[in-house]
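The primary structure of each chain is shown beneath.
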Amino acid sequence: MSRWLVDGWQVVIGLETHVQIKSSRKLFSRSSTSLLNDLPNTRFNTFDAAFPGTLPRLNRKCLDLALRAALALDCTVNKRSSFDRKHYFYPDQPAGYQVTQHYSPFAVNGRFVSPKIGVPIRIKQIQLEQDTAKSITNSRTRSSLIDLNRAGTGLLEIVTEPDFRSPEEAADYVRSLQELLRAVGVSDGNMEAGSLRCDVNVSINRPGEPLGTRCEVKNINSVKFMVAAIEYEIQRQKNILETFHSEHKVPQETRRFDVDSWRTVKMRSKEDAPDYRYMPDPNLGVLILSEGHIESVRREMPPLPEATRARLIQTYSSSGVTENNIDVLMNLDAIKEIPYDGVSNSGLGAVAYFERCAEGRDSKFVMNWIIQDFLGRLSALGKPFSSAHIPVGKMGELLDLIAEKQMTRSSAKLLLQQMLTAPSDVPVKLLAKQMDLLSPVAKQATISPTSDDTLRDICIRCIDALPAEIAALRAGNEKVMNRVIGWIMRHTKGKADINRAKEILKELLQL
Amino acid sequence: MLRRFASNLRAKDASFNAFVSFEDPLNLDNITKGPLNDYTIGVKDNICTSSLPTTCGSAMLRDFTSPFDATVVKLLKRAGAQIVGKTNCDEFGMGSLNIHSIHGPVINPFRVDSRRAAGGSSGGSAAAVAAGLCEVAIGTDTGGSIRLPASYCGVVGFKPSYGLISRYGVVSYADSLDTVGVLAQDVQKVEKVFECVNRRDHHDPTSAEERSRKQARLLALNSIERWNGQSLKGLKIGIPQEYFPSELTSSSNHIISSIRYLLSQLRSLGATIVPVSLPSTKYALSAYYVIASAEGSSCLTRYDGIQYGSRVAPPLGSELTSTSKIYAHTRSRGFGREVRKRVLLGTYALSADAFDNYFLQAQRVRQMVKDDFDHVFSIPNVLYTDSDSASEMKDMEKPEIDGVDVLLHPSAIRIAPRLDEMLDDLRERDILQDYVQDVLTVPASLAGLPALSVPMRFGIREDISNEQDEDWPIGVSIVGQWGTDKLVMDVGKVIERFNQK
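These protein sequence lines map, in sequence, to chains A and B. Final position of the first sequence in the numbering used here is 512; the numbers increase by one with none missing. Final position of the second sequence in the numbering used here is 1928; the numbers increase by one with none missing.
It is possible that some hints are incorrect.
Some, not all, of what chain A presents toward chain B, calculated at C-beta under 10 Å [as the list claims (entries may be wrong)]:
no.	residue
1	Arg278
2	Pro283
3	Arg312
Just so you know, these hints were derived from the structure itself, not from any lab. Every residue gets a Cβ at the ideal spot worked out from N, C-alpha and C, and that includes glycine.
Isolated chain A, as found in the complex (with noise of 0.2 Å):
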């Protein structure tokens, strides 16, 4: 713990994290969320405008995404929760007040695990709670202008123990947090779109003595600002409790970060602190959750980042793909589009990409060929990445050219250039073909795989190779199996029939 004392104070920090839940419709509307872009108060209808008469409905779909954030922060979901009015007058707040959930949240007592930061973070509640309406205010004019376009939409309130001790420990969560709630789908996270927000509190104290008075610092839009205001409220507080030494304390605020004088800013003492009269919702009653619901809801959720990670190098390493690779593919599954409402995506991520061109492939080969010749052209092209340009097929038949030594390895390149700059529906081999590119030794495989004795006695050696991967397989352990043919078309140049030689290696291990 000393590492985190400055000059011999200990920082205690813990932080609200206000996310946008990415759903095509509003919390409790049937409006349609909206995007930066869209043109303002085009997006919402009488509920969202707070007309009289009108009613909330929650939207099951949102329900179902602040659960997948929930499990994926290892809460316990509360079978029955419910939802309270903050009220407060501002023009942003068409109803004059928000629905959140202040006595009772959804989810309680979680916990997030990040490889940078030593013990677990304490997850306190996340509520399910309305994001406001937009105000641009001229302060020429002294006047505002109401966007309604956001007003309703789903946020979820994740408030953490204050169990941060630095800066960095604070942005490393709030980056790993994006992270994690973009895989499972839940939100963009999108910081600078306004899609994530932070509140961050800092005290600090000398080791061993009681917690200092906290300090509140609202609203910071990215992690940048959220490192520096923790550092100018580490040295604010530490100026005004070495200077007064212990007569006085820190009074307790809440505070803005001003980008242009880098500084926090008081905004109101805890005596001007609002008194928001809350009061649970007549309207939305309690919120009840089967254990069966949250079961579908686990089921269906998409893994998570480290799960991936784990499993990715348990599968691949042996056959020698490094970490490094591994992450190059899941940083790019990290940023690619969110889709609505948590459906599964269209196009195949990148992982996913690799994995379906590495079966009955050497793993390392197709990894190196993915990540240095495709990602590579296609950055070059100025391209991002997806399973669109090169369906599977298709990259598998490239593969097969180059692993059956067919074609050399920059003859490839050329032929995947042409495959990405004038994408057609021609066999990769006949374009191979008519681009002249084919190897003439193609022909001369020194094995002839083809035959099933020479299979057989692959499969042989392959199982006095793999001892730990054949006792996997044994065990019943199927993925492994990928592994082991993967030796075995190495062995083979890529020239074996994957299925027959699975057929030999079952009925040679009696399986």
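We have chain A; now place chain B onto it with these hints.
This is chain B only, laid out in the frame that chain A set:
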């Protein structure tokens, strides 16, 4: 003929002020064919209609027309009803006399010359029916707002179980209490309209589930089967002793004697009359005003003059530093005095310092009131029993030996008061007296139970002290378990028959 009726409506209403806007008679030609084709209907002005303004009796919404029809209005139109206009009411439903309306007070049509209050807040709806301006009127009842004016005007007023009629499009006063209901000259008409609008609505999150509706309806039918016909043998009526407060026994002897006569008639037909106790009743009125005002302060927060409704711009030189100070101009002018009072009261009840002692305490009392009712009824409350198993359902069908089928009590502790007394002395008289009028009606509101007020016109003459007061109508209320609306109305029909003798 209908068109002529509609065009005469404005003139006919001149002496009552029951209506605040009238449907264009031309629009009444395109009526859907349906069960309500013979019905002209007035709709309370806090229920949204797209063709007429919805002012809620407030300056705040003086020029407001909703872009949509409330679900109840849609259902009425679909059933072929002719909505002839919007009826006067206390501002946002806050009041018991219909004197807090920008459209002015409603005159009780029972005898226009004596200029008495119609009661509130659905005073326009009750008066419109009493004056024969429409067959049926739709009102809302938050703490007695249908039953009290029905009693004062001498018509039938029905507040169904909470959650049966959709509140979508009903301008909220207190969401957990607001209930749409029906007023008419007789129970049969009330029932017919109720049947057409008693529908589950997905736009209303508090709309009761089909399962609960069905379960409660079966229980009600079971009870009705036991006594239906000429004899009332098997019908057990409870008389709650707490519903005869000192105000009632001292001042309105003819109310008591009417009830006595009614009970003797019911007994002679074979009904069992038993005294029961609902001990939490004495706390109900305070709890009601805390909850209703708290929710009212919340529901009315939206009237800030920004999106719709009236706006009062801050005068030159006024402080523009906070949003609330700017809104204060609109809200101080747009809301009438009674609304302002309740908003302030409710705001206080929700403040951090008062919340536990007022709002939470009131919620506890509300639960006690509910428990009291569940305790005396033979029919269980289906909303509190998660009975999936058939055995539990069986238990529910078996009536308890001790429970009663319905409760019966006077609807009000007095007859319609004189308007001049109410209006002229507004500053000096004891305003709390207005609130006390609700003492008999709020418990059923807190518990969400069906309650029907039927006029008692038995012509009993005992102890005549004031000839004129004697003649004024007074209602009797029948209260049943949640969802047994049919049972409550059937008992109402029996009582109605005594009137016709």
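Hint by hint, here is what the structure shows:
1. Arg278: holds (4 Å)
2. Pro283: holds (4 Å)
3. Arg312: Violated - the Cβ of A:Arg312 stays beyond 10 Å from chain B, reaching only about 41 Å at its closest.
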